[in-house]
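*Asks:* Using the sequences and the accompanying hints, generate a full structural model.
Number of protein chains: 2
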Amino acid sequence: MVLKVCSSLGGSVLPSQPALGYGHSPWISVWLKELEVPRLGHSDVHVKMLAAPINPADINMIQGTYAILAPLPAVAGNEGVGRVLEVGPGVTALRPGDWVIPADAGLGTWRTQAVFPEASLLQVPSDIPLLCAATLSVNPCTAYRMLADFESLAPGDSVIQNAANSGVGQAVIQIAKATGIRTINVVRDRPDLPKLVERLKALGADHVITEDMLRKPEMKEIFKSIPKPRLALNCVGGKSTTEMLRHLQPKGTMVTYGGMAKQPVTVPVSAFIFRDVRLRGFWMTQWKKDHAHDKESLSSMMDTLCQLVQRGQLGAPACTTVPLEDFKEALVASTQPFTSSKQVLLL
Amino acid sequence: MVLKVCSSLGGSVLPSQPALGYGHSPWISVWLKELEVPRLGHSDVHVKMLAAPINPADINMIQGTYAILAPLPAVAGNEGVGRVLEVGPGVTALRPGDWVIPADAGLGTWRTQAVFPEASLLQVPSDIPLLCAATLSVNPCTAYRMLADFESLAPGDSVIQNAANSGVGQAVIQIAKATGIRTINVVRDRPDLPKLVERLKALGADHVITEDMLRKPEMKEIFKSIPKPRLALNCVGGKSTTEMLRHLQPKGTMVTYGGMAKQPVTVPVSAFIFRDVRLRGFWMTQWKKDHAHDKESLSSMMDTLCQLVQRGQLGAPACTTVPLEDFKEALVASTQPFTSSKQVLLL
Numbered sequence: 090m091v092l093k094v095c096s097s098l099g100g101s102v103l104p105s106q107p108a109l110g111y112g113h114s115p116w117i118s119v120w121l122k123e124l125e126v127p128r129l130g131h132s133d134v135h136v137k138m139l140a141a142p143i144n145p146a147d148i149n150m151i152q153g154t155y156a157i158l159a160p161l162p163a164v165a166g167n168e169g170v171g172r173v174l175e176v177g178p179g180v181t182a183l184r185p186g187d188w189v190i191p192a193d194a195g196l197g198t199w200r201t202q203a204v205f206p207e208a209s210l211l212q213v214p215s216d217i218p219l220l221c222a223a224t225l226s227v228n229p230c231t232a233y234r235m236l237a238d239f240e241s242l243a244p245g246d247s248v249i250q251n252a253a254n255s256g257v258g259q260a261v262i263q264i265a266k267a268t269g270i271r272t273i274n275v276v277r278d279r280p281d282l283p284k285l286v287e288r289l290k291a292l293g294a295d296h297v298i299t300e301d302m303l304r305k306p307e308m309k310e311i312f313k314s315i316p317k318p319r320l321a322l323n324c325v326g327g328k329s330t331t332e333m334l335r336h337l338q339p340k341g342t343m344v345t346y347g348g349m350a351k352q353p354v355t356v357p358v359s360a361f362i363f364r365d366v367r368l369r370g371f372w373m374t375q376w377k378k379d380h381a382h383d384k385e386s387l388s389s390m391m392d393t394l395c396q397l398v399q400r401g402q403l404g405a406p407a408c409t410t411v412p413l414e415d416f417k418e419a420l421v422a423s424t425q426p427f428t429s430s431k432q433v434l435l436l
Numbered sequence: 090m091v092l093k094v095c096s097s098l099g100g101s102v103l104p105s106q107p108a109l110g111y112g113h114s115p116w117i118s119v120w121l122k123e124l125e126v127p128r129l130g131h132s133d134v135h136v137k138m139l140a141a142p143i144n145p146a147d148i149n150m151i152q153g154t155y156a157i158l159a160p161l162p163a164v165a166g167n168e169g170v171g172r173v174l175e176v177g178p179g180v181t182a183l184r185p186g187d188w189v190i191p192a193d194a195g196l197g198t199w200r201t202q203a204v205f206p207e208a209s210l211l212q213v214p215s216d217i218p219l220l221c222a223a224t225l226s227v228n229p230c231t232a233y234r235m236l237a238d239f240e241s242l243a244p245g246d247s248v249i250q251n252a253a254n255s256g257v258g259q260a261v262i263q264i265a266k267a268t269g270i271r272t273i274n275v276v277r278d279r280p281d282l283p284k285l286v287e288r289l290k291a292l293g294a295d296h297v298i299t300e301d302m303l304r305k306p307e308m309k310e311i312f313k314s315i316p317k318p319r320l321a322l323n324c325v326g327g328k329s330t331t332e333m334l335r336h337l338q339p340k341g342t343m344v345t346y347g348g349m350a351k352q353p354v355t356v357p358v359s360a361f362i363f364r365d366v367r368l369r370g371f372w373m374t375q376w377k378k379d380h381a382h383d384k385e386s387l388s389s390m391m392d393t394l395c396q397l398v399q400r401g402q403l404g405a406p407a408c409t410t411v412p413l414e415d416f417k418e419a420l421v422a423s424t425q426p427f428t429s430s431k432q433v434l435l436l
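Residue numbers (my numbering), protein chains in the order written: chain A, 90 to 436; chain B, 90 to 436.
Hints are computed from structural coordinates only; laboratory data are not their basis.
In this text the structure is predicted, and so the values were computed from the model without any measurement.
In this text, a Cβ means the ideal position worked out from N, Cα and C, and glycines have one as well.
A portion of the hints provided could be inaccurate.
The calculated PhoX-like cross-link candidates involving lysine-lysine, where the alpha carbons are at most 25 Å apart (straight line), are [stated by the list, open to error]:
1. A/Lys317 <-> A/Lys266
2. B/Lys351 <-> A/Lys328
3. A/Lys328 <-> B/Lys328
4. B/Lys137 <-> B/Lys417
5. A/Lys384 <-> B/Lys340
6. A/Lys340 <-> B/Lys340
7. A/Lys317 <-> B/Lys378
8. B/Lys290 <-> B/Lys305
9. B/Lys309 <-> B/Lys290
10. B/Lys309 <-> B/Lys328
11. A/Lys309 <-> A/Lys266
12. A/Lys340 <-> B/Lys351
13. A/Lys284 <-> A/Lys305
14. B/Lys384 <-> A/Lys340
15. A/Lys378 <-> B/Lys340
16. A/Lys351 <-> B/Lys328
17. A/Lys377 <-> B/Lys340
18. A/Lys305 <-> A/Lys317
19. A/Lys309 <-> A/Lys351
20. B/Lys340 <-> A/Lys351
21. B/Lys384 <-> B/Lys417
22. A/Lys340 <-> B/Lys378
23. A/Lys340 <-> A/Lys284
24. A/Lys384 <-> A/Lys351
25. B/Lys137 <-> B/Lys122
26. B/Lys266 <-> B/Lys313
27. A/Lys137 <-> A/Lys122
28. B/Lys317 <-> A/Lys378
29. B/Lys266 <-> A/Lys340
Output of the computed footprint for chain B on chain A, the stretches with three or more beta carbons under 8 Å from beta carbons of chain B [stated by the list, open to error]:
30. 353–366
31. 371–380
*Replies:* Structure below.
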């Protein structure tokens, strides 16, 4: 990772609220800095941020390798939850005490306080667990949309996914379980595999297999009890994805939403012609942009997800909470391989 | 090619009509044989075959590498045109003198006469050129469906395709031209390139480029006068396909219908996630199977194509006609690289 972390940067430091900024000067760096909290405008909301996770997309944005980038220097962080402290006179739907999450990427959530336009926030119930709220707006939404928008799945149908231990993967397992859809979950082999299998099964996974298993005749055993998947969710790329695709039903869809292996998706021509598989992509940020004027879709999704949380059917992924001042260790920890625990900054 | 051609095979030869049979005994072989013409059944049609092309799929079926295979030994050939000689008492829509083409793959068209069930035949106007009729049921239908079924294209929109010189490619150029859609046509570099460019432009191609051009900044020039394509048609695979995909509009569709390079389709993960490209496949045989009870779609397509032929907007590809007895030379010629001319057996 080309990411240097430094504690502070020259320039006037205002006696106000700390934030994790980043910029290129002279290398990519992240620093903790006091930022002035601006005056509350007519339609603005003054928010005390409570918790914000460190996601791979945050790191990529800091590295400058993501598809959307902020003008630098910027406050980092795309996800998180805050409590409303005060609202401007034109704010209609939010009141002090409400919990809010970002409506879109790029808000800059790694800070203790901020003033945001009302339109950039979504309300969530304040009785759900803090870590659920802090991690709700990217991964569970991605999982929800991928399960809903590409194939019309009915209870009893199955879904296959790789990177099943990722934040999205865990949300897929839980949302699928709550709706009666079976999941075949592919993970990389690792020293503590049995523990991981147990953890994913506890979340509701029907089958947990390693990438090697995808090539083996034992796969047939799985399809004696459940139908072949009509939907495959791909966050890896490379050989493992090609192997996963072989198990998709004819006319089924594979949705790519990540590329952890940093390798392209490779598909035999025959899969397109003779099995009519359909390959699509998904990016939550684009979905939100495309549905900017369709508040109903957004709020219906958030309502469903919050209800799943309230019923105990959707929990936060395994998290390690870290005080803001320990951000350096958290950033380093978030980029380690086989990290099963998401770093969440407490603000 | 693992294809042996022999002149005849032992066994009883009935004094009837010649056909090109094939089987595995002991190697894959094709032989000319007299076959008895069966008695005309209630719903049968006695057909004098007139002409039948040699398509790559025919060769693959003979080689046993195609997705549908006939029980061996079989009569080869999937496409062609014949004239009705006689009809059974239960035949309603066909009369002697009518021209017919196969409704589906696997009919066995490389023969002089045959008795077919009425349901296995489609009528075409008998005033269209023989070679058009003989080559109508696979390539022009494939081109028509791919232009119609994946993106709703309007006049002024553009399509990019590789293997633009193939039978399908030439039909795409002509059908697109007739409907006001611009085409960007990718061909392999070759000694007689200027002649090929001229020929495709005469068919209506807007741009003809080599595979190398796809990587060059000069591509930008093309997109000053026409919009980026919303549809890409892929018959190649490998690097050239990945390069073609780069020029597709966001949310555009690439349809794979062949794999001439014998290499898979390789797509960067970012194309799925950040450009939302959609990858599909098409196989005319499957479409016909899926629409077996939807005669209206089939006849509406055939009507449109025949009208284009009658108006001079859709011609046969470059063909070399060969008498049936010279089938060996025709089979060999059909598997040569850079063949710009389709071998058609005259029956």
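*Asks:* Work down the list of hints and note, for each, if the structure agrees.
*Replies:* Hints, verified against the model:
no.: 1; hint: A/Lys317 <-> A/Lys266; in the structure: 17 Å, holds
no.: 2; hint: B/Lys351 <-> A/Lys328; in the structure: 18 Å, holds
no.: 3; hint: A/Lys328 <-> B/Lys328; in the structure: 17 Å, holds
no.: 4; hint: B/Lys137 <-> B/Lys417; in the structure: 22 Å, holds
no.: 5; hint: A/Lys384 <-> B/Lys340; in the structure: 22 Å, holds
no.: 6; hint: A/Lys340 <-> B/Lys340; in the structure: 19 Å, holds
no.: 7; hint: A/Lys317 <-> B/Lys378; in the structure: 22 Å, holds
no.: 8; hint: B/Lys290 <-> B/Lys305; in the structure: 21 Å, holds
no.: 9; hint: B/Lys309 <-> B/Lys290; in the structure: 20 Å, holds
no.: 10; hint: B/Lys309 <-> B/Lys328; in the structure: 20 Å, holds
no.: 11; hint: A/Lys309 <-> A/Lys266; in the structure: 22 Å, holds
no.: 12; hint: A/Lys340 <-> B/Lys351; in the structure: 22 Å, holds
no.: 13; hint: A/Lys284 <-> A/Lys305; in the structure: 22 Å, holds
no.: 14; hint: B/Lys384 <-> A/Lys340; in the structure: 22 Å, holds
no.: 15; hint: A/Lys378 <-> B/Lys340; in the structure: 14 Å, holds
no.: 16; hint: A/Lys351 <-> B/Lys328; in the structure: 18 Å, holds
no.: 17; hint: A/Lys377 <-> B/Lys340; in the structure: 15 Å, holds
no.: 18; hint: A/Lys305 <-> A/Lys317; in the structure: 15 Å, holds
no.: 19; hint: A/Lys309 <-> A/Lys351; in the structure: 29 Å, violated
no.: 20; hint: B/Lys340 <-> A/Lys351; in the structure: 22 Å, holds
no.: 21; hint: B/Lys384 <-> B/Lys417; in the structure: 37 Å, violated
no.: 22; hint: A/Lys340 <-> B/Lys378; in the structure: 14 Å, holds
no.: 23; hint: A/Lys340 <-> A/Lys284; in the structure: 35 Å, violated
no.: 24; hint: A/Lys384 <-> A/Lys351; in the structure: 34 Å, violated
no.: 25; hint: B/Lys137 <-> B/Lys122; in the structure: 17 Å, holds
no.: 26; hint: B/Lys266 <-> B/Lys313; in the structure: 19 Å, holds
no.: 27; hint: A/Lys137 <-> A/Lys122; in the structure: 17 Å, holds
no.: 28; hint: B/Lys317 <-> A/Lys378; in the structure: 22 Å, holds
no.: 29; hint: B/Lys266 <-> A/Lys340; in the structure: 31 Å, violated
no.: 30; hint: 353–366; in the structure: holds (count 14)
no.: 31; hint: 371–380; in the structure: holds (count 3)
The structure shown violates the earlier hints numbered 19, 21, 23, 24, 29.
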